[in-house]
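Peer 1: Residue numbers (the numbering used here): 895 to 1374.
Some hints here could point you the wrong way.
Said to hold, decoys possible - Derived SDA-like pairs (lysine to any residue); straight-line CA-CA distance at most 25 Å:
no., residue 1, residue 2
1, K1253, Q1201
2, K1237, R1326
3, K968, R1009
4, K968, Q1337
5, K1237, A928
6, K995, F1246
7, K1237, P1291
8, K1253, Q1331
9, K1253, Q936
10, K1237, V957
11, K995, G1087
12, K1253, A1301
13, K1237, A907
14, K1298, T1243
15, K995, L972
16, K968, D1108
17, K1253, S1264
18, K1253, R930
19, K986, A929
20, K1237, N1112
21, K986, S956
22, K968, P1211
23, K986, V957
24, K1298, P1236
25, K968, D1330
26, K968, P1339
27, K986, I901
28, K1298, F1239
29, K1253, A929
Because the hints were derived from the structure by calculation, they are not lab data.
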Amino acid sequence: MPNALAIRRFTPADQLAFARLSGDTNPIHLDPIAARRTVAGQCIVHGMHSLLWALNVLARASVTASRLNVRFLKPVFLDEEVSCIWDDQAGKLVLTVDGTKVIDITLGTGPVSVRDLIPPAPAPARNQPAQRTFDDCARLLPLPFELHGNADIATELFPDAVQAYGPTAIHEIAALSYVVGMELPGMNSLFAGLHLEIRPAPDQATSFATLDSDERFNRLRIGVTGRALQGEIEAFYRPPPRRMPPFADLAPRVRVGEFQGVCALIIGGSRGLGEVTAKLIAAGGGTVIMTYSTGAEEARQVAEDIQRSGGQCKVLPLTVSEATSLPPGLPGINQLYYFATPKIFGKRTSRFDETLYQKFLAVYVSGFESICRQLIASGNRFSALYPSSVAIEQPLPELAEYAKAKAEGEALCMRLNAARSQLEILMHRLPRTATDQTQALLQTPASDPVEVMLPLIRRMADLGHTTGTTLPKKLGPHAV
895 MPNALAIRRF
905 TPADQLAFAR
915 LSGDTNPIHL
925 DPIAARRTVA
935 GQCIVHGMHS
945 LLWALNVLAR
955 ASVTASRLNV
965 RFLKPVFLDE
975 EVSCIWDDQA
985 GKLVLTVDGT
995 KVIDITLGTG
1005 PVSVRDLIPP
1015 APAPARNQPA
1025 QRTFDDCARL
1035 LPLPFELHGN
1045 ADIATELFPD
1055 AVQAYGPTAI
1065 HEIAALSYVV
1075 GMELPGMNSL
1085 FAGLHLEIRP
1095 APDQATSFAT
1105 LDSDERFNRL
1115 RIGVTGRALQ
1125 GEIEAFYRPP
1135 PRRMPPFADL
1145 APRVRVGEFQ
1155 GVCALIIGGS
1165 RGLGEVTAKL
1175 IAAGGGTVIM
1185 TYSTGAEEAR
1195 QVAEDIQRSG
1205 GQCKVLPLTV
1215 SEATSLPPGL
1225 PGINQLYYFA
1235 TPKIFGKRTS
1245 RFDETLYQKF
1255 LAVYVSGFES
1265 ICRQLIASGN
1275 RFSALYPSSV
1285 AIEQPLPELA
1295 EYAKAKAEGE
1305 ALCMRLNAAR
1315 SQLEILMHRL
1325 PRTATDQTQA
1335 LLQTPASDPV
1345 EVMLPLIRRM
1355 ADLGHTTGTT
1365 LPKKLGPHAV
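Build out the structure end to end from the sequences listed, making use of the hints.
Peer 2: Dropping the structure here:
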């Protein structure tokens, strides 16, 4: 009979502590700005951290395992409630979030014979994860399997597991996170599964190496031999963040002076469609004011890329909500591009999630309406691009909340168009487009962002309302 043994939440402080133990400082675990550009869209808990917590909980119940078969089914995010459930008859340990299974662990229970092994001195860890291509990973020669970080932290984090398995085994299990997250694949990695036997090595040679690779699925099988364990890891080479073309590559796509007189406010311009839009308008002689929510450094880099070539671009921090207030001192905005969005993909279940739907509504409906009404109140005549989605026409359970919120956004646009003569909204259902938001382990067809946006920017220019403006030197205390 399954029995819930423990419940916990992993915090950023927990992440840092495990990184100090394992040496795995991959940004997907520690850097929320970098992690938002990965397939997960946010920081995820180290898989080995979750596993060792589960083994610690089980050791507290006087159950140990000599063999483990682990499947990481879905990522565990920070600050969400994780339940550890033990089924002694099936020999299964399961971690769940909101009733959804995220990690499945099948155990071969029994005594372990590695408790008295003395762990070696830790080796220096990399400062940054290895940057390898998939081909590099497939051909990688064996490397030494070493321990990194502070071994004493294992006793602080997993006291019952250290007592049951010994410090060497626990530190080596933690070090498997270093193997994947820092070495193989390294930066662009995702831990998918593990088959492990906890037993002394037949000799003192410890190493890890690629056993097999499958480029069709970006999958790697990695063999590991330690002092207290032997096993195989399944890892994925996850796609790196998508980079938009630099300004110099986009300028030839636009006619000289094509967007002269445009003063565009781009909500969400630090990456993706907003970044491309900012560069195209500036390349055509327009003036750009772009906002960011969290990616300050990314936004600064986009602005500098535009400014180096003589384009006009300023950057402002702005977090979209119903209560969003535009900063004072904006010049005569005559175009609004609205790319603010939460993470779209990654829902855990197929059932409708009201909380997620309300999150989408706050951005796609309330936030957009708030900004439009503030611009209307300023007396400007302007046009606005509202990017809707073909997901409305092709409903999928995992996108139900997103599609419903976008449909509500379309209804808002029709009401605003009918009521406001000084505002004209161009509403367009965009196809799946190649940005960070649509990254996936198995790549699916996606449209080129430039080919999607350039015709829409031209249609916006055809709507008129362009009066020409020059950016003021100061737009507020945070403008760059």
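Peer 1: Could you run down the list of hints and mark each one as holding or not?
Peer 2: Going through the hints against the structure:
Only pairs whose Cα atoms come within 25 Å are accepted, and K1253 paired with Q1201 is rejected, the gap being roughly 35 Å. For the hint pairing K1237 with R1326, the CA-to-CA distance comes to about 14 Å; that is within 25 Å, so the pair holds. For the suggested pair K968 and R1009, the alpha carbons sit about 31 Å apart, so the restraint of at most 25 Å is broken. Taking the CA atoms of K968 and Q1337, the gap is near 18 Å; set against the 25 Å cutoff, the hint holds.
Of the pairs offered as hints, the one joining K1237 and A928 holds, with about 14 Å between alpha carbons and a cut-off of 25 Å not exceeded. Using a Cα cut-off of 25 Å, the hinted pair K995 and F1246 holds, with the two alpha carbons roughly 17 Å apart. A distance of roughly 16 Å separates the Cα atoms of K1237 and P1291; the hinted pair therefore holds under the 25 Å criterion. Among the hinted pairs, K1253 with Q1331 is consistent with the structure: their alpha-carbon atoms are about 16 Å apart, no more than 25 Å.
Distance check on the hinted pair: K1253 and Q936 sit about 16 Å apart at the alpha-carbon level, within 25 Å; holds. For the suggested pair K1237 and V957, the alpha carbons sit about 39 Å apart, so the restraint of at most 25 Å is broken. Of the supplied pair hints, the one linking K995 and G1087 holds, its CA atoms being roughly 14 Å apart against a limit of 25 Å. For a cut-off of 25 Å, the pair hint linking K1253 to A1301 stands: about 14 Å separates their Cα positions.
Proposed proximity of K1237 and A907 is supported: the alpha carbons are some 23 Å apart, at most 25 Å. The straight-line distance between the Cα atoms of K1298 and T1243 is roughly 17 Å, inside the 25 Å bound, and the hint therefore holds. Taking the CA atoms of K995 and L972, the gap is about 16 Å. The hint holds against a cut of 25 Å. Proposed proximity of K968 and D1108 is supported: the alpha carbons are some 21 Å apart, at most 25 Å.
Taking the CA atoms of K1253 and S1264, the gap is about 15 Å. The hint holds against a cut of 25 Å. Using a Cα cut-off of 25 Å, the hinted pair K1253 and R930 holds, with the two alpha carbons roughly 17 Å apart. This hinted pair does not check out: K986 and A929 have alpha carbons roughly 31 Å apart, beyond 25 Å. Distance hint between K1237 and N1112 is fulfilled; the C-alpha atoms sit about 23 Å from each other, no more than 25 Å.
For the hint linking K986 to S956, the alpha-carbon distance of about 15 Å falls within 25 Å, and the restraint holds. Between K968 and P1211, the direct Cα distance comes to roughly 32 Å. Violation of the 25 Å bound is thereby established for this hinted pair. Of the pairs offered as hints, the one joining K986 and V957 holds, with about 12 Å between alpha carbons and a cut-off of 25 Å not exceeded. With a C-alpha separation of about 14 Å, the suggested pairing of K1298 with P1236 holds against the 25 Å cut-off.
Restraint check: the Cα-Cα separation between K968 and D1330 comes to about 19 Å, which is no more than 25 Å; the hinted pair holds. Note on K968 and P1339: the hinted pairing holds, with a Cα-Cα distance of about 23 Å set against a maximum of 25 Å. Proximity of K986 to I901 is assessed by CA-CA distance (about 17 Å); at most 25 Å being required, the pair is judged to hold. Restraint check: the Cα-Cα separation between K1298 and F1239 comes to about 14 Å, which is no more than 25 Å; the hinted pair holds.
The straight-line distance between the Cα atoms of K1253 and A929 is roughly 20 Å, inside the 25 Å bound, and the hint therefore holds.
Hints 1, 3, 10, 19, 22 from the earlier list are contradicted by this structure; the remaining hints agree with it.
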